[in-house]
Amino acid sequence: GEDVEQSLFLSVREGDSSVINCTYTDSSSTYLYWYKQEPGAGLQLLTYIFSNMDMKQDQRLTVLLNKKDKHLSLRIADTQTGDSAIYFCAEYPPGTYKYIFGTGTRLKVLA
Amino acid sequence: NAGVTQTPKFQVLKTGQSMTLQCAQDMNHNSMYWYRQDPGMGLRLIYYSASEGTTDKGEVPNGYNVSRLNKREFSLRLESAAPSQTSVYFCASSSTALELAPNYGYTFGSGTRLTVV
Numbered sequence: 021g022e023d024v025e026q027s028l029f030l031s032v033r034e035g036d037s038s039v040i041n042c043t044y045t046d047s048s049s050t051y052l053y054w055y056k057q058e059p060g061a062g063l064q065l066l067t068y069i070f071s072n073m074d075m076k077q078d079q080r081l082t083v084l085l086n087k088k089d090k091h092l093s094l095r096i097a098d099t100q101t102g103d104s105a106i107y108f109c110a111e112y113p114p115g116t117y118k119y120i121f122g123t124g125t126r127l128k129v130l131a
Numbered sequence: 140n141a142g143v144t145q146t147p148k149f150q151v152l153k154t155g156q157s158m159t160l161q162c163a164q165d166m167n168h169n170s171m172y173w174y175r176q177d178p179g180m181g182l183r184l185i186y187y188s189a190s191e192g193t194t195d196k197g198e199v200p201n202g203y204n205v206s207r208l209n210k211r212e213f214s215l216r217l218e219s220a221a222p223s224q225t226s227v228y229f230c231a232s233s234s235t236a237l238e239l240a241p242n243y244g245y246t247f248g249s250g251t252r253l254t255v256v
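Quick mapping for you: the protein sequence lines, in order, are chains S and B. If you count by my numbering, then the first sequence holds residues 21 to 131, one letter each, in order. If you count by my numbering, then the second sequence holds residues 140 to 256, one letter each, in order.
So here's chain B without its partners, still in its complex pose (with noise of 0.2 Å):
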């Protein structure tokens, strides 16, 4: 099915490790996100891609790197895990600006849920 494909879906890190999220979207969409889920906070922007070759820092950027590796894969990097990255992360992309199509919304993956102990 198309959509966006996020992994692991699982992943228990010990404080200090590090490791890549991978995301991957077959919908030919120009734009790609990651947030991150934290109970009662909603959803935060860690680092977007409005286009291949661009990425920029969301609200909470600190401790994580991104790659835009091609238009399909935009992957997110710890580099030395820490408890407070506990969260669940979502990737989501977006055929364009939404100016141009409110109608699509965004399409996320189904999330990656990551402890750090």
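In isolation and in its complexed conformation, chain S is listed as follows (with noise of 0.2 Å):
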């Protein structure tokens, strides 16, 4: 079957860095994504890399891809209490139209 699967929680200091992994399944995925879901509201688009890159820095935000294993990672530097959301990983399959959403991963920033 088709499971993009990610750790359900994460837990990490204001000030830390926080690193969300996530395991897809699809190798032929030319982009994957990550998305951040804040209490109460919908998904909105973080960033995305393309599948013949390794890595992706924006701003606080590092994405890393490792095609070999299908593992990808985003790493958020210097976590702040307002990065407290629900983040999705999901890949996509060329020709679907459609994503596949890894299951999320909660994290709690503590002050």
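Keep in mind the hints are simulated off the structure, nothing from the lab. Treat the hints with care, since some could be wrong.
No farther apart than 30 Å at their CA atoms in a straight line, the calculated lysine-lysine pairs in the DSBU-like style are these [said to hold, decoys possible]:
hint, chain 1, residue 1, chain 2, residue 2
1, S, LYS128, B, LYS196
2, S, LYS56, S, LYS76
3, B, LYS196, S, LYS90
Two chains, two separate frames, one set of hints: put the complex together.
This is the structure we're talking about:
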């Protein structure tokens, strides 16, 4: 079946780095995505990475891709309380017109 | 503000009742989607419409029907609600297949929280 796996919870202290991991399934996925869901809201696109890249950096966010192991990670530097949310990774198999979302990781930032 | 609008935001139904969840987008997007979100299960696709005039089943279509009324609107209907359909429902839209515009992603509505008792 199609399962994109993430750990359910992560707790970090304010100012520390957070690393959220994801294992995806479809090696043909051209793009891999990270979405953020704040309480009571829909998902918002955070960043994405093309499958021929190993790393992408965008301000405090760093995305690492290990295509051999089908492993994706999102690192948030200097984590703030406003980063508390659920983070979803998603793969997008070409030609399918739809995402496969992971289970989501709830990040809690402690002051 | 431009975006995806879902109504209602909250709803309580009795088992066996029917209802329609409404979704409208004003971004001239071609594709629209309905997801349900359940704890520990992430988002699961119910139905989608790649373009106006077409609809297709997703992972969990049983118990639901959809209508792509026009380019803007995509509704989700529960004909006979069951407690297993208690969930948060999200509508989303995208301008095109993401291979062509990967940086845009999907735009999501704020969700409808449905409880079936």
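These are the hints, each one checked on the structure:
1. S/LYS128 x B/LYS196: violated (35 Å)
2. S/LYS56 x S/LYS76: It holds: about 17 Å lies between the C-alpha atoms, which stays within 30 Å.
3. B/LYS196 x S/LYS90: The hint holds at about 27 Å.
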